[in-house]
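Protein chains in written order, with the numbering used here: chain A, 1 to 266; chain B, 1 to 576.
Hints are computed from structural coordinates only; laboratory data are not their basis.
A portion of the hints provided could be inaccurate.
Using C-beta positions, here's what the derived DEER-type ranges look like [unchecked claim]:
no.: 1; chain 1: A; residue 1: N146; chain 2: B; residue 2: V272; range: 42 to 48 angstroms
no.: 2; chain 1: B; residue 1: N390; chain 2: A; residue 2: D2; range: 24 to 30 angstroms
no.: 3; chain 1: A; residue 1: T117; chain 2: B; residue 2: E542; range: 42 to 48 angstroms
no.: 4; chain 1: A; residue 1: T117; chain 2: B; residue 2: R5; range: 41 to 47 angstroms
No residue lacks a Cβ here, since even glycine has one placed at the ideal position from N, Cα and C.
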Amino acid sequence: MDHLDQLEAQSIFILREAYKKFGKLGMLWSIGKDSTVLLWLAKKAFFGHCPFPFIHVDTTYKIPEMIEYRDRMAKEYKIDLIVHKNEEALKEGMGPEKGRLVCCKALKTDGLQQVVTKYEFEGLILGIRRDEEGSRSKERVFSERNKDSEWDYTNQPPELWDQFKTDFPKGNHIRVHPLLHWNEIDIWSYIGRENIPIIDLYFAKDGKRYRSLGCAPCTGKIESNATTIDDIINELKDTKVSERAGRAQDQEDAYAMQKLRKDGYM
Amino acid sequence: MDDLREVLKIVVVGHVDHGKSTLIGRLLYDTKSIPEGRIERVKAISKEKGKPFEYAYLLDAFEEEQKQGITIDTTQLQFKTDKRDYVIIDAPGHKEFLKNMISGAANAEAALLIVDANEGIQEQSRRHGYILSLLGIQKVYVIVNKMDLIGYSEGKYNDIKHEMNQFLKSLNVFPLKYIPVSAFLGENIARKSGEMPWYRGESILEAIDLFEKDNGLEDKPLRFPIQDVYKFDNRRIIAGRIESGKLREGDEILISPSNKVTRVKTIEYWPVKKDGNNTLEAGMSVGITVEDEFFNKRGEFISHKDKAPLSADVLRVNLFWMGKSSLVKNRKYKLKLVTQEEECEVLSINRVIDATTLETIENANEVRTNDVAEVTLKTKDRICFDEFRNNQGTGRFVLVDGYDVSGGGIISGVEESRKTVSSFVKNETGLNMNCFDEYFYIMTQNAVRRVESRPKNFGIGDTVPVEGDTYAYPESFDVIDLKNKLAARIRKSRLNDVVSLDDYKYDGSAVLNTQGFAAKVTSQEDCEKLQKDFGRLSGSGEDKEAAFANKWFDIMKYRNIKHKADSEFNNTEYQI
């Protein structure tokens with residue numbers, strides 16, 4: 001088994017644990033590279049089937065190509081897709097001009113919380129990775145959230161020998177992170193090896209490309225001439241810039257992500 | 001290609017403030033493994049807080065960690081050398097965060113145990129050393145840090161080395177190297193230090209490339225614990241991860257503990273695999289179909305027929321406890337071992353050890369948080385496993401107390417003979433029996449199972465439960481134990497007498513065997529014939545035993561069988 005085989009086997013093990021343990025399970029699908037790899041791994045884990053719904057929390061500020069791609073893929077893969085918007089907040093005019101962190105909290109965190117409550121999810125699968133950002137590097141594979149989706153990060157449960165947290169009071173839910181141990185280059189190497197269809201916003205046009213996808217007003221492109229997956233991998237090997245440097249909300253406060261994530265952000 | 005590179009996971013452990021996070025931060029900084037954004041951010045935070053730049057801030061991402069200058073939770077970071085890729089795991093040193101330290105260390109293949117040259121060996125240096133030995137991590141370097149604070153003194157370094165060696169030796173941990181460093185100043189981290197010419201060994205960066213990776217899991221006997229069984233389409237796929245060994249299409253396999261034998265029909269893939277490689281090996285998450293479709297369930301072990309795992313319900317274990325409340329007897333815990341989950345309780349606490357001194361805590365009747373102990377556990381049903389020294393993956397388990405994973409341990413051996421049973425007792429004589437057990441038809445398993453009653457000794461005059469959920473005996477009856485030649489008389493629901501079978505006289509009361517099955521006897525003559533028949537049985541084989549039992553015993557005369565759903569069965573308490 002090579003490195004990618006090992007990463008894949010571990011992720012499949014995690015997905016199967018989640019499916020076995022949680023009656024109500026859903027997978028968050030952000031259309032980006034990580035959750036697209038996650039979708040592929042789910043198909044592998046369950047032999048071509050996706051035995052749980054996919055959830056897209058739509059802020060209505062997403063880059064338009066993302067929504068178009070989402071709807072096309074959902075059809076192609078025959079995914080049971082739940083699209084949710086925080087209509088209440090949108091009606092009241094929520095947007096990035098009210099403050100980036102306020103907007104993230106309302107349209108993403110609260111939107112997600114509404115989905116969890118509405119469908120009574122016990123388990124939510126997310127494609128976050130340790131190498132993305134500091135507070136994510138401290139995460140568990142199975143990470144408990146209380147009924148308000150809050151994360152008690154100063155008192156996380158022990159997690160050893162792949163024995164995950166599967167006992168918790170009713171009303172709480174578990175965030176399942178099957179890609180926690182992957183890094184950005186692993187993701188691209190795997191997409192290349194498995195030939196996974198991926199949205200073309202990641203490939204350079206006119207000397208610029210997206211490295212991380214999010215809402216249009218808060219996501220910047222990077223200078224790049226990478227037009228193939230191999231180009232992207234080579235670019236990443238030399239870069240000194242962090243993956244989420246183009247994500248404006250991260251830069252708002254020294255502990256922006258920790259604060260957002262404590263309240264239930266992805 | 002990069003995806004063929006080897007990855008090694010190293011945990012950094014040691015006492016609080018001995019410099020674990022600083023060492024890792026420095027290692028990442030010196031190997032240019034940190035994105036500029038992150039370093040700039042940490043510099044900005046340091047400036048904002050009016051503090052000098054701390055390498056540790058690169059890891060201690062939480063606000064609370066940076067403000068208090070401590071590591072609360074474990075982190076994993078990646079960096080690479082020319083030889084291979086590394087995942088480096090930072091573990092907190094505070095005693096109160098021991099569970100986070102264990103979470104980090106349990107994932108590692110090798111360890112760096114850090115000791116502050118100035119402070120010397122402290123409580124957590126020893127406790128972490130002990131935990132490493134319990135986790136089975138044998139590849140250990142001891143790093144003597146802050147050498148700058150003791151003027152790079154070779155003598156002091158040798159004293160620490162000697163003391164640490166003595167301690168670790170008693171745990172059967174033998175450090176492969178000792179390395180003197182100053183993490184803050186970068187001495188012997190990524191480059192050889194000019195300050196310690198007396199040290200001829202490698203810098204940390206050079207030394208970690210010398211750790212040899214463990215291979216050979218695929219050469220151990222096959223262990224494939226069933227994770228789940230899928231029926232999404234016309235295939236019935238048994239899914240799980242191969243913990244050790246290899247499996248091929250067509251192999252004859254044994255499923256334990258139910259002891260069913262079948263063959264691997266197909267190996268399933270998505271997308272469908274085109275090449276002809278049909279060997280599965282340790283580490284893979286796989287799916288197979290089998291020739292005979294038995295009822296299979298999560299937790300069962302697939303192995304090859306001649307190399308079955310152990311199976312028992314009384315286990316001798318070494319464990320560490322990190323629960324909110326102590327580990328005690330007479331309390332139910334959930335044991336999780338690979339994909340098995342089984343209710344268990346503590347049969348005996350054999351020894352509780354202070355992990356910082358290795359001294360036995362006298363007369364301990366509980367295992368407190370952060371203690372380590374040798375304990376005998378009793379699981380409700382038999383489980384499958386291996387001894388830890390033979391197979392790490394299937395020889396270790398966690399204990400769940402309520403909602404929380406509260407302990408972890410390794411299995412050192414099996415005890416078969418400790419099972420307690422109910423008995424009728426007079427003076428020193430006891431007639432062991434299962435008359436008050438219940439029988440249920442478990443619907444999900446399509447099988448009849450016996451549920452044991454709570455073990456109890458009945459003395460003369462004690463009331464016995466003549467009626468249960470699934471049995472109803474007369475008020476007065478006799479129980480005979482043919483094997484041990486004993487008989488007990490129950491009169492008006494009370495134990496009246498226990499006598500030798502030779503002295504037993506039939507008086508018209510119903511006669512049962514020790515299972516509560518009715519003996520077909522109506523006279524003293526019948527009783528003697530029964531005993532004679534039994535005497536001729538010895539060594540004559542199972543077929544004759546069954547014929548004998550069918551001739552003489554009626555299972556259903558006083559008994560009944562009731563339906564039970566599986567989940568209900570798992571939660572069944574003792575009946576009395």
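Now the hints, each set against the structure:
| no. | hint | in the structure |
| --- | --- | --- |
| 1 | A:N146 to B:V272: 42 to 48 angstroms | holds, 43 angstroms |
| 2 | B:N390 to A:D2: 24 to 30 angstroms | holds, 27 angstroms |
| 3 | A:T117 to B:E542: 42 to 48 angstroms | violated, 59 angstroms |
| 4 | A:T117 to B:R5: 41 to 47 angstroms | holds, 44 angstroms |
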